[in-house]
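Chains as they are written, first to last, in this note's numbering: chain A, 1 to 334; chain B, 335 to 442; chain C, 443 to 803; chain D, 804 to 1413.
Source of the hints: derived by calculation from the structure; they are not laboratory data.
Even glycine gets a Cβ: it sits at the ideal position worked out from N, Cα and C.
Don't take every hint at face value.
Unchecked claim - Label pairs and their computed distance ranges (CB to CB):
# : chain 1 : residue 1 : chain 2 : residue 2 : range
1 : D       : Arg962    : A       : Glu214    : 56 to 64 Å
2 : B       : Arg345    : C       : Pro689    : 21 to 29 Å
3 : A       : Glu77     : C       : Glu450    : 25 to 33 Å
4 : A       : Pro53     : D       : Arg962    : 46 to 54 Å
5 : B       : Arg345    : A       : Glu77     : 54 to 62 Å
6 : A       : Glu56     : D       : Ala1363   : 49 to 57 Å
7 : D       : Trp959    : A       : Glu56     : 35 to 43 Å
8 : C       : Lys597    : A       : Glu77     : 49 to 57 Å
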Amino acid sequence: MTKKVIIIGGGPAGMQTAASLLDLGIKPVIIEKSDRIGGKLNDWHQLFPTFTPAHEVLAKLKGSMKDARVITGTAVESIGKDGVSLSDGSTMEADAVVVASGFNLFRAELKEELGYTIYDNVYTTVDIEHMLNDGKVAMKDGRTPQRIAFLHCVGSRDEKVNQRHCSKVCCVTGVKQAMELKAMFPQSEVYNFYMDIRMFGPGYEEMYRRAQEEFNIHFVRGRISEASETIDRRVQIKAEDTLIGRPLKMTVDMLILIVGMTAGESNRRFAETKGVELQPSGFVAPADSFTLNTCSGVPNIFYAGTVTAPKNLGESINEGVAAAQQVARYLNRR
Amino acid sequence: MDFGFSINRPRAVDLDKNDLSVSRKALMEMPEWQACIGCGGCTATCTAGNLTQFNFRKVHTLVRRGDYQGAYEEMNKCMLCGKCRLVCPRGINTRGVVMMIKRLLSEY
Amino acid sequence: MKRNSWQEYQKEIADDDYYYVRSCIRQNFFPGSEKAFLDILRNDVGKNIIEEPMHTSCTGIGYHSDIVPMETIMTVVARQFALMTEAGFENFTSSCITSFGIYTEMLETWHEFPETEERTREYLYKATGREFNKPKNLAHTSDVMFKHRGAIAAKMKHPLVNVFTGRPLRVVEHIGCHYAKIFPKKGVGGSEFPYVLAGMIESWGGEVVDYPERRHCCGFGFRNYLVQANRGFSVANSHKKLESMKPYKPDFIVTNCPGCSMFLDKWQYTIAEMEGDTYGQDGRGIPVLTYEEMAGLVLGYDPWALGMQMHQVDVEPLLDKMGIAYDPAAKYLGPNGKFIGQPDPAAVNMNCTPTPILRTL
Amino acid sequence: MENIGTEILHYYDHFVVPFTVGVIVLFTVVIYKYVRWFVKLPGADKHLVRKGLFTRSTLGACVEVVSESLLHRKIFKVNPKLGYMHMSLAFGWFLLIAVGWVEASMHLTGIVPLHAHVFYKFFADPNADYGVSGQVLANVMDLLLLFVLSGVSLAWFKRMRSRAMGMKRATKHTAGDRIALFALWFIFPVRLLAESATSGLKGMESFLTGNIGHWMVSVFGVYNIEQFSGVMWWTYSVLLAVFFVSMPFSRYMHIFTEIPLIFLRRYRLRSTERHKTYDHFQIEACSRCGICIDPCQLQADAGITNVQSVYFLRDRRYHKLSGAVAENCFMCGRCETKCPVGIELNTLRLNSRTKMFDVPADGRYAYVRGMDTSKGEGKVGFFAGCMTLLNPKTLRAMEAIFKAAGEDVWWADKDGGVCCGRPLKLAGEVSAAAKMMEFNKSLFEKHNITTLVTSCPICLRVFREEYDLKGIEILHHSQYILRLMEQGRLSMEESDGRLFTYHDPCELGRGSGIYDEPRAVINAVGRLAEVSQNREEAFCCGSGLANISIDDRGQNKISAALADRFAETGAEEVVTACPLCKKAIARNTPLPVADIAEIVSARLGGRQQA
């Protein structure tokens, strides 16, 4: 008797779920809406806090799940009791479904006052990862930046854009990129504007300290509330340096918005299934947040990765392992 | 002409106009100074701060931002007792910071 | 300028039949502007607009200076609406940004707290025996002008183009804070990238200057100006804006708020006297226009009929650039031909030699 | 006149010119320096010299000159191999000169110029028979030369392998030092060759130079050796000249300078917080032997290798002293106790800082004027000090002890007070420190205390040395507690035999000479297991306030290096008597760390009192 398991999403969590299911003798199917697996890991350059090239991790994941069946270019429209319906109109039966559909990146355009897509030299951390992958980080007109500002918590902890949650990994991402850019442009000055620095993971705080001490990155506690373009297409920013209680203004060559994680856009659709509940943040709610992190209210629907909350890569991958275990337990018990 | 008022100077710390050369030099000499996370432990335990408005954290942060006005005079309130160094969670040589600010900024 | 986001902030603006209320202070500062608005709307655009002589101040300045209580201003606003209702109009348009903000604020308050509207109706009735309908459409007069910018463009005589170079004039637009900073959705383009004036400028051939302190307040701020001790703060705001726009070499500034027109213009004089800083071409200042004046010039109105001699910064260099013919001798003559007085030359416009004949008068 | 000229010319050869010039330059410079320094001494110091000149001090100085400048007794004590090297060079050379003088005076006739004494073998008459005394003297001279050469070879060896000499690190020298050193290394080997060649040619007998000379002549032939001897005498003279000329400008200035220093020191001259010319006698008496390098924990534990006293004195002497070098020192005093010349290293470091950082302090600390946050009425004052305020256990323990002893206490700074001033002083800001001192002094006087107890050795030292508190006895709390115990005012529980180890704080031990009282207190409440290096040799905790530039990593390394030493003793608890040491030790030691007051208060009999 072969049991059929569908994994929604071919990002790191989905890939690891597939790999772990294969280890347990279950052959899963990954349904990936884009045309390749790997999810957003495809876009990243180096991973914090070790500066490991993202493609190395991706290659490992790919290698461990190469026997799984992968359907790309197909999205899951809805999840039912006995399977899923797909964007091509077909349905696919399954004994269990693992939702590993991930997160969406916050659309920085929504923070209009920061000028993303309006001013030439406002970027997001995602743009920078792309530039790093392309091997050239530069201003719009190709000049080398002399002054760079990072703004933390763009689309996180912000009532004004209905993102009340902390996206958790952006702090360390911003610090990582600050270090990468400073290493690339040693003559430049790099400023990080933050509300809090939340260095929750192992080695993160140590990396933060290196950023300060060895890379001489300036950390200013205060949120940039306004950005404007100057005549030479640089960006004038205004913040309060809350530690001195004075407004602070400066002109930078690049303003980089450290964008947070928002709930995946498919969560809402999936939540139409009874037993799949959303949290106020829009992320899917696990059955309980201590012992059943990868389980839903439906016995044969499971979760892995950032579909339930912002997580770092290691946590997402671990959830793939955990979800596979839960799936196997469920299938064996039946 | 007397207007009965004059144009207020902007309160903003302007990193475009501030002369950052001294602060750069200081940070080069003492990179650990940049590791300050603004916890305020130094200011809370400060012997001089117990008796005056002297706020070490604020003054040294201003200096890092290139705002040197009055920093020397403020640092002269310090008694160099070293309590701040004992409490600093980031291990910053706070007394060294005081001495450096005084050495570099005596003419400001 | 990739500012397409203004399109996300659209507001409905009535097309015709406006009930018009004036501003308290503009009638003194820029007396030609409000008349020009009515003339343009009636004669050039062909719309129906009524100006009811019974209307009063909205008491907004008193309100923002903490001397007019909430209940009072609500009742005054209600009375204006009652006059509109009695006149048979539904579209309310206000010449003043402060008033526009007040009307918006009161309508929003009534919406959020219906009991306040009930109480206001009661006060109004007890005091005057009047009743009112809330306007179907509320717009600032600049919104109305924006709405009809295409019709004006069709009749344009002097586009916003430098006749010597053939290039668009560079225009700084400045929006009054109470236009969209309080209720961003009530302004065209919202508060970050307001489009109400920019739309006019672009329609009439000019180029909008986007400078870093574009959104900054002019510094009027009621109590900041009204109390002499605070004026240093007020002027500092205009100073900051002027410094920020300086490198863009704007040909003129246009605003939609009575206070902003006044302060961006007059503070240039103060700053020149205090610090010797002058702005604009050859240090002759940057002319500050109301949008009505801008529309009037575009449509070929006589600058002196528009009241532009009342400006602190001389507008002649701008008129020359636009290729507008004017009579220098008539600048300080009123409509009846009588000399209305002339300011002494000042640092800000020293290079503009006063007309010798008039000096002797 | 002509006679004299002929007689001098009798003992003349061109090769003596470099030597003669060298000697003239040497003595001119040395005398110029000494006279200038002495003339510029403050009047009070000159008075001390006049007062001491005809006392036993002078006699003592003479003895010390022999034992230290010639025999190098102190170096012997620290490091016998190094001592022998110095003694063989200094004492051996001295004897070569002295005996050589006797030999030349006895055997040369007429007016014998200086160089003829030095180059005696060259000018000696080969045909004259000086009898037994001549034989004896020639062999004694050879013996002395051998003695010096043994020292020289040790010096060569030391350069190549300093560890073999019992030194972990040897001094890094300046170019001038290297020239002088080079000359010194070759002077005696060349002298050996020159004298041997001449002995061989002239047929003079002696066990070393004579035998080598005969052998050389027999092997290489008379002609070659004649040529060779000319070259060697020239080389010898030039080497001496090079050495003499470079001497006053190199570390070898110490050879002479130690002598006046010994006399001046015997006359009770001391360096102070402000520079004076006496400092030059100390600075130039430094031989850069490098004995101060090994005890320095900055070098041993923190890897900081350019700030040790030898380098500090060198930089200061050549006007190259940087703030960074002057500041980077705990002034723990470990090097000072080892210095064979007895240079006041801490004081000199301090007055360098004063010169660099002291500025007029008028108007500073105006905010303390009229302030008084003290509490209590007692005649015994307790000054916790800034650092003790971060050690509330110590403070509580002192409270309990005072209460148990029934002492009425005046608390000077329980709710925060004004710093004692020593940290400022250690940073060189002596004028500012004076303001603090002035304030605290008047506070003590205002409250009419008769005893001042402090739990901070830093404060203790400045109270004792600078405050001039007349009629007020100043005690460290360890001394005070011991006194209470001895007076029977503290009823203590029976010793529970707990095994403690004790860390000597620098400021308390080497700084104030208080070693025994804390030990007595510990022995009264338990047992004491000493760490391997204690008392005068105790290590610094790495937290000393005098070091303004060391970073936290460096401090931590020094503190971490101590941890094992405490563990080795097998003790259950580390006791110290300084709030800074306590924190620094606790940072890296797994054992509990307590202030001496804590272990006493924990054992006060009848706990109801505590």
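Can you list which hints this structure breaks, lowest number first?
-> 1, 6, 7
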